[in-house]
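Residue numbers (the UniProt record's numbering): 1 to 941.
Since the hints were derived computationally from the structure, they do not count as laboratory data. Treat each hint with caution, since some may be false.
Stated by the list, open to error - Below, simulated DSSO-like cross-link-like pairs (lysine-lysine); rule was C-alpha separation at most 30 Å, straight line:
#1 82 x 121
#2 621 x 656
#3 274 x 22
#4 355 x 432
Quantities reported herein were computed from a predicted structural model and do not represent experimental measurements.
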Amino acid sequence: MSCWTLVQQDSFLETPSSDQLKTALESKNDFVKISAMKTILRIIINGDPLSSVLMHVIRFVMPSRNKELKKLLYYYWEICPKYNSDGTMKQEMILACNSFRNDLQHPNEYIRGATLRFLCKLNEPELLEPLIPTVRQCLEHRHAYVRKNAIMSVFSIYQTSSHLIPDAASLIEDVLVVETEGTCKRNALIVLCTIDPEHAAMWLTNNFDHITSLNASSLLIVIEFIRKIVIVNSPDKTKYFSLLLELLHVNSSSVVFEASTSLMNMTTNIQIIKTAASRLLDLATREADNNAKLIMLDRISDLVQHVKSGLDDIVTDVLPFLASTDFDVCEKAISIILGLVTTRNVDDILEQLQKELSKSNGESENDDARRRALTEAIHHCAITFPQTAATAIQYLLSHISDFQSKSASSVLSFVKEVMEKFPELRSANLTKLLLSLKEFRAGKIFRGVVWIAGEYCFTEADIRTAWKSIRASIGEIPILASEEQLLNDVSDRQEQELLVDVQTAPSSSRKILADGTYATESAVTSESLNAAKLEAVRASKKPPLRTQILGGDYYLATVLASALTKLVMRFHQISDNLERLNALRAEATLIMTSIIRVGQSKFVKYTIDDDSIERILSCIKVLYSFEGFQPLQKVFLEDTKNAFSHIVIENERRQKAEASLINERNAMQPDDTLSIRQLSRAIEEKAEASFEADVIQAASDGIVVEDLSSKLDHVVSLTGYTDPVYVEAYVKIQQFDIILDILIVNRTDSTLQNLCLELATLGDLKIVERPSPLNLAPRAFNSVQATIKVSSTDSGVIFGAVSFGGKASEEDRVVNLSSISLNLMDYIKPASCPESKFRSMWTEFEWENKVDISSNENINLMEFLHKLMKKTNMNCLTPDASLRGDCGFLSANLYARSIFGEDALMSLSVEKSTNGPISGHVRIRSKTQGIALTLGSLVAA
1 MSCWTLVQQD SFLETPSSDQ LKTALESKND FVKISAMKTI LRIIINGDPL
51 SSVLMHVIRF VMPSRNKELK KLLYYYWEIC PKYNSDGTMK QEMILACNSF
101 RNDLQHPNEY IRGATLRFLC KLNEPELLEP LIPTVRQCLE HRHAYVRKNA
151 IMSVFSIYQT SSHLIPDAAS LIEDVLVVET EGTCKRNALI VLCTIDPEHA
201 AMWLTNNFDH ITSLNASSLL IVIEFIRKIV IVNSPDKTKY FSLLLELLHV
251 NSSSVVFEAS TSLMNMTTNI QIIKTAASRL LDLATREADN NAKLIMLDRI
301 SDLVQHVKSG LDDIVTDVLP FLASTDFDVC EKAISIILGL VTTRNVDDIL
351 EQLQKELSKS NGESENDDAR RRALTEAIHH CAITFPQTAA TAIQYLLSHI
401 SDFQSKSASS VLSFVKEVME KFPELRSANL TKLLLSLKEF RAGKIFRGVV
451 WIAGEYCFTE ADIRTAWKSI RASIGEIPIL ASEEQLLNDV SDRQEQELLV
501 DVQTAPSSSR KILADGTYAT ESAVTSESLN AAKLEAVRAS KKPPLRTQIL
551 GGDYYLATVL ASALTKLVMR FHQISDNLER LNALRAEATL IMTSIIRVGQ
601 SKFVKYTIDD DSIERILSCI KVLYSFEGFQ PLQKVFLEDT KNAFSHIVIE
651 NERRQKAEAS LINERNAMQP DDTLSIRQLS RAIEEKAEAS FEADVIQAAS
701 DGIVVEDLSS KLDHVVSLTG YTDPVYVEAY VKIQQFDIIL DILIVNRTDS
751 TLQNLCLELA TLGDLKIVER PSPLNLAPRA FNSVQATIKV SSTDSGVIFG
801 AVSFGGKASE EDRVVNLSSI SLNLMDYIKP ASCPESKFRS MWTEFEWENK
851 VDISSNENIN LMEFLHKLMK KTNMNCLTPD ASLRGDCGFL SANLYARSIF
901 GEDALMSLSV EKSTNGPISG HVRIRSKTQG IALTLGSLVA A
C-alpha cells in the first residue's frame, strides 16, 4: 500500500463502524460526507483497508461536485487497496478509471490539472494505460496549468511503466519546440534531461543561441544538466563553458550564483575561475542580505584554499567587504584577503586595511572587535612580508592612542613580535611608542610598553628616551611626599567651600563615637573635611603612570621596577659613564621605594600587597649587586628575552604545522591514480560529486559510523524486565536532533490494546515526532521512533510513561519510564582560538564553575592533563613549550565549542608533590549555565 500522508487519529475510542460510515456517505449533506471521508482516510492509514466502503465512495462521493470532497476523493484513491487478495485488479476500479478519464476531459482546466497531478501519484499500470491518450491530448491544451501538469504526468508514467509511453522523450522534445510558457518549458527540460540526456544535449546544442532568453527556473535546469552530465562530453566542453560565461551576465541572482559556482568547480582554467569568482563577488556586493553575502564569501574562501596561485587579482573585489557593517562579513573578507596576499598586492591591501581601521572609531564592542581583526590582518601582512613591516607598524603606533584596551593590546603584541624579528626597526619604533606613553590610559597597555622598553633598549639614546618618557609619566617623586604636599596646599578658599558644604549637609542622626559618647560638632566637621580634601587630591589631574599606581595597579609597578632595573643594567654594559650610571641607579631606587611607601599610605585606592613589595625590593637589591655577577645579569637581560623569543618561535612552528596539515589534505599523493578522460569516468564522477556536495553536506549528520560495541553503550533500558511491557531505547545523536529507536516488548500472554508511549522533556528540548499508538500481540515486539530537537547544550532530560489496555474488563495500566539525560559531550567539539580571544571571552563570560581536584592516581601532571582533555572533549591552547618539564606544577588553558556556537573555557591549575596526590582546581566559564555545570560535573566525576 502506498501512502503519502500521515494523519493522527483524533480518538480511537470513537471509531465508527463500516455501516455507520456507509450511512454517512449516503447522506445528502456534504459536510457529513466530508467528515466521513476524513474518518475513512485515517482508518485506512492506520492499517484497516475498509474494502466494504469502496462501492459507496464510487456511488455517493464520486458524482459530487463539492471541491473539498473531490480533493478528499483523490486522497482516497491514493491510499485505498486496488487489488484483490489474489493480485488481480478490483472490478470497481474500472468505474474509477472512467471517472479519471472524464475529469481529464473536463472543460474546467483546474479539474484537469488536479487530476493530472493525481496521476503522478498513481503507480498501477492497469489504471494508467486507458488514460494515456487523454494525457497526450492535455499536452496541447490551451491553458498552461494543464500543460505543465500533463508534462509531469508523462514523466511519472514513464518512470512507473516506460512501455506505456515509449516515445516520451520525442513527445517532450516536441513540446519544447512549440512551448512558450516558462514553467511548462522548465518542466519539459527536467523531464527530457532525466529520461533521455542525449536528446537533451542535442536540443541544447540546436538552441544554443537562444538559451539566455529562457526564464531563471529553466536556466537553473540547464546549468544543472551541464554540471551533471554534459561536462564529460569533451568536444563540446568549450561551447558549454562559453554558455556558462554568458549566463554570468543575466539578471537573475540565482542563475549567476549557480553558473559561477559551476565554473569554479568544473575547470582548472585560471582565467575562467577568476571571471566566475569576480562575478560572484560582484553579486555578493549588490546583495543586501548578510547571510547571502556569507554564503558567497564561503564559496570564494573554499576556492582560495584549493587554488593556491593566480587568484590575487580578485582581491580588489574582496576589499570592499571590509567596509561592511556586519562583523561576520568583515571577518570572512579578511580571511579571504589574507589567503590572497602576495608581494604584488600587499601594499594595496595594507593601504585598504589602514583606511578601514581609521574609519572604525566607534566605542561599541562590535567596533572594537573589528579593530582587533583589522590589526591582526595588518600584523599578518607585515610579518609575512617584512618589507611592509616598517610602514605598518608606524601607522599602528600613530593611532594606538585612539584604540580601546583590547585593540591596543593587539597592536602591542604586533610591536613585540616586530621588535623581536626585525632588529633594524627597533630604535625608530621604540621612540614612537614611548612618545605616545603619556596618551595611554589602560594599565595593560602601560605594562606592555614598559616591558618593551626594558627588553629592547640597546643604545644610550634609546635608554635616555625611555627613561625620560617613564619619568614624565610618573611625575614628581617621591610620590608620597608630593601627594602630602598637594594635600597641604589646599587653599583657604577651597577649605572654606568644603567646610560650608559639610555644615549645610542635612544629618538624620547624631554621630556616636567608639566609646559610646556623642561626638562634638567640631570633630564631625573635621573628619568630613579631611575626607573631602583627600578625595579632592585623589581626583586631581596626574600623569597617567602615576594615576595607575595610585589606583592600585601594583602589577604594573612590579613590571616598572623590573624594566628600570634592566635599563640600568643595559646602560652599565654599553657605557663607561659611571656618574650617569649612579644617577640612573639612584633615581630608579627612589622611584621603587616611593612606590612602596605610597602603596602603604592613605592616598592609594588599595594597599600594596606583600608579593609586589617583595618583587620591588628584590629589584632594588639587584641594582646594587649585579656588577661583577654575570648570572644575575644573564637572568634579567637574556633569559627573560629568550623566553619571549621561544614563544614567537613556537607560534611560528604551530602556524606552519597547521598550514602544512591543510596542504596535506589538499595535496595529491605520488601513488594516486592518474585520471585519463578517455579511459575513465573520473571527471563525470567529479562533476556529479560537486553537484551533490551541497545536498550531501546538508543531509549529513557529521557523525562517525560507530561499531557495535559503541552502539551498545547508547542503549538505555527504560523499564524493568519484570514489568508487563519492556521498553529500551537506542539514543542516536544526529547533529541537532536526538533520535530514539525504541523497542517495545509485550511480556504478557494477552494482547495489549492501544499501547501509547508518551514522552516529555525538560530543558531546551522539543519533541517533533511522537510514537504512534499500536496494538501488541502476546509475547510480540515492535519498534517505534521519536525525534527530539535540541536547541542548546543546556542540561536536558527526556522522561515519560507507557500506557496500555488489556481485556474489556481490565482498566488501563501505566508503567513509568526511566529518564534519559542529555549527554553534553555529544555536542562539544575541541576547538582553537588565539590567546587574546580566549582572555577576552574569559573576561566577558559571566557563568563560572570552580571545581576542586584531588586525585590519587599514579600518573604525572601531563598524563592527567591529557586524561582531562579526553574526558571533557576539549583542546589545550597552552603551547607545548610551556608544558615541557616536570616541576610539580601545571597550569593550562583549554577550549571547546559546541555545534550551536557556544564557547566553553577552562583554566586548569594543579600540583603534585613527590609520591603525593594531584591537587588543585579547575575554573570553567561559559555564556550559559548549563555548559559550566555539566563540564564541572564531568571533571568532578
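To see whether the hints hold, each was checked on the structure:
Pair hint residue 82 plus residue 121 holds up; C-alpha atoms about 14 Å apart against a cutoff of 30 Å. Of the pairs offered as hints, the one joining residue 621 and residue 656 is violated, with about 43 Å between alpha carbons and a cut-off of 30 Å exceeded. Only pairs whose Cα atoms come within 30 Å are accepted, and residue 274 paired with residue 22 is rejected, the gap being roughly 70 Å. For the given pair, residue 355 sits about 20 Å from residue 432 by alpha-carbon distance, which is consistent with the 30 Å threshold.
Hints 2 and 3, counting from the list given before, are not met by this structure.
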